[in-house]
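Undergrad: So the sequence lines, in the order shown, correspond to chains D and Z.
Using the working numbering, read the first sequence as starting at 1 and increasing by one per residue.
Using the working numbering, read the second sequence as starting at 1 and increasing by one per residue.
Among the hints, erroneous ones may be present.
Here are the simulated DMTMM-like cross-link-like pairs (lysine to aspartate or glutamate), alpha carbons at most 25 Å apart as the crow flies [unchecked claim]: (1) Z:Lys60 x D:Glu180; (2) D:Lys76 x D:Glu180; (3) Z:Lys42 x D:Asp211.
Among the chain D residues that face chain Z by a calculated CB cut under 8 Å, a handful are [what the hints assert, rightly or not]: (4) Leu170; (5) Val177; (6) Asp214; (7) Thr272.
In case anyone wonders, no lab produced these hints; they're calculated from the structure.
Just so you know, even glycine gets a beta-carbon here, dropped at the ideal spot from N, CA and C.
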Amino acid sequence: MTEPLIQVDGVDKAYRFFRLSNVALRLEAGQILGFVGPNGAGKSTTIRILMGMVQPDGGSVRVLGRILPGEQAAAKQDIGFVSEDMHLYGSETLDWHMRFVASIYPAWDAGYAQTLLRRFNLQPAQRVKALSHGERVKAALLLVLARRPRLLLLDEPTTGLDPVARHEILAELMDVVRDERRGILFSSHNTQDVEQISDHITFIDRGRIIDSSDKETFLDRWRRLSLEVPAGTAIPALPGAVETTSSGRLAVVTTKAYSPEIEEACVRAGLTIREVQRMTLEEIFVANVMSQREAREAGEAAR
Amino acid sequence: MYLQIIEQIRRRIAVGDWPPGHELPSIRALAAAVQVSVITVKRAYLELERDGVIVTRQGKGSFVAEHADLGRQLRLAELDQHLDAAVGIGRALGMSDAEVAARLDAAFKARDEKES
């Protein structure tokens, strides 16, 4: 097993109105990590810590085997970072930017850059300020991809893009991980993109990691059971149940630890199972956030 | 999502596009081609292997299994899946095994009448 591309443990960072607490993150080589959270959850701050742009108050940060922020210069040679507030020069052309990046990074692959221009349908002679939002994101991604960095850190790369541009970008990201030594962390609140291309998913909310697992495990263990509860019977305590809503004789139980035994327990208790549904990542994400917020608030109220 | 990939591969084999012994794309190549995560394609290959549809040789790749009659076997497996689903619905409705079987009989009769 090769060394993880990202290995973060116990990272804290306090701001006046926001705090990251005990953040742990791991990205194995050859994988795509989907970093999912609501707006303001701490995704961008975490990514900035991975770039050595923000110094954490405590905890350990290793990226590409380098300890940050001390060895950030060495690590950055092999990291490609794209965020929403990319610093491109509006009055310069895309071609100017390509020559600029090529002059800094010896690994710049001019042939691949040309291929990307075609695939992304970009005009090198166009000035950055004349580009649409989608074109600007693709331009920033091109400038990073053509360096062929081992690690890509992408902050909301598909937010606000039309379906065609999203498709072009996801295709390019999947192409990157044909190489088992490379990896991608991308943050998003678009769970559809994350569900499609991520191998591993980490949820963050209010500065805390609330869940982390490989994608298949997530999709397998979260289920929604629609039950018919005859008068005089009660729903038994079911493993991993995070939410139960009832209306009349019908109840819906959401569990994060599904197994066939749960169905057996329902039948033994005298309930009729009408349906067992898989959940989309979006549904899992919302249920996860809501249930953990409730648990936390209940815990705080009890103190 | 892995179920869709399994379905696509089974179909290609069933229609003869991928004959026995045919080499499947590598997991990473297929993942890039269909733009679905590597872990999902990996899971699809593992399940197909478990069902005997493909065989994986260490370091060589994955191949369509050398069954004489794979098309029929796949169709039979599909039939079993549907029957299993029917049994599941019957149980969920609180029906006895005999009641579920009676409905299957009724389906045979309905088909016979339609075709006669």
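Undergrad: Is it true that the CA of D:Lys76 sits at most 25 Å from the CA of D:Glu180?
TA: Roughly 20 Å separates the two Cα atoms, so the pair holds.
Undergrad: Compare the distance between the alpha carbons of Z:Lys42 and D:Asp211 with 25 Å, and conclude whether the hinted pair is satisfied.
TA: Roughly 23 Å between the alpha carbons, so the hint for Z:Lys42 and D:Asp211 holds.
Undergrad: Using the nearest Cβ pair, does D:Val177 come within less than 8 Å of chain Z?
TA: holds, 6 Å
Undergrad: Would you settle whether the hint for D:Asp214 is holds or violated, based on the nearest Cβ-Cβ distance to chain Z being less than 8 Å?
TA: It holds, given that the least Cβ distance between D:Asp214 and chain Z is near 6 Å, below 8 Å.
Undergrad: Holds or violated: the hint that D:Leu170 contacts chain Z, with Cβ atoms closer than 8 Å.
TA: Holds, because the Cβ-Cβ distance from D:Leu170 to chain Z comes to roughly 5 Å (cut-off 8 Å).
Undergrad: Under 8 Å is the threshold here; is the Cβ of D:Thr272 close enough to any Cβ of chain Z for the hint to stand?
TA: holds, 6 Å
Undergrad: Is Z:Lys60 within 25 Å of D:Glu180, Cα to Cα?
TA: Given pair Z:Lys60, D:Glu180 holds - Cα atoms ~17 Å apart, limit 25 Å.
In summary, this structure violates none of the numbered hints.
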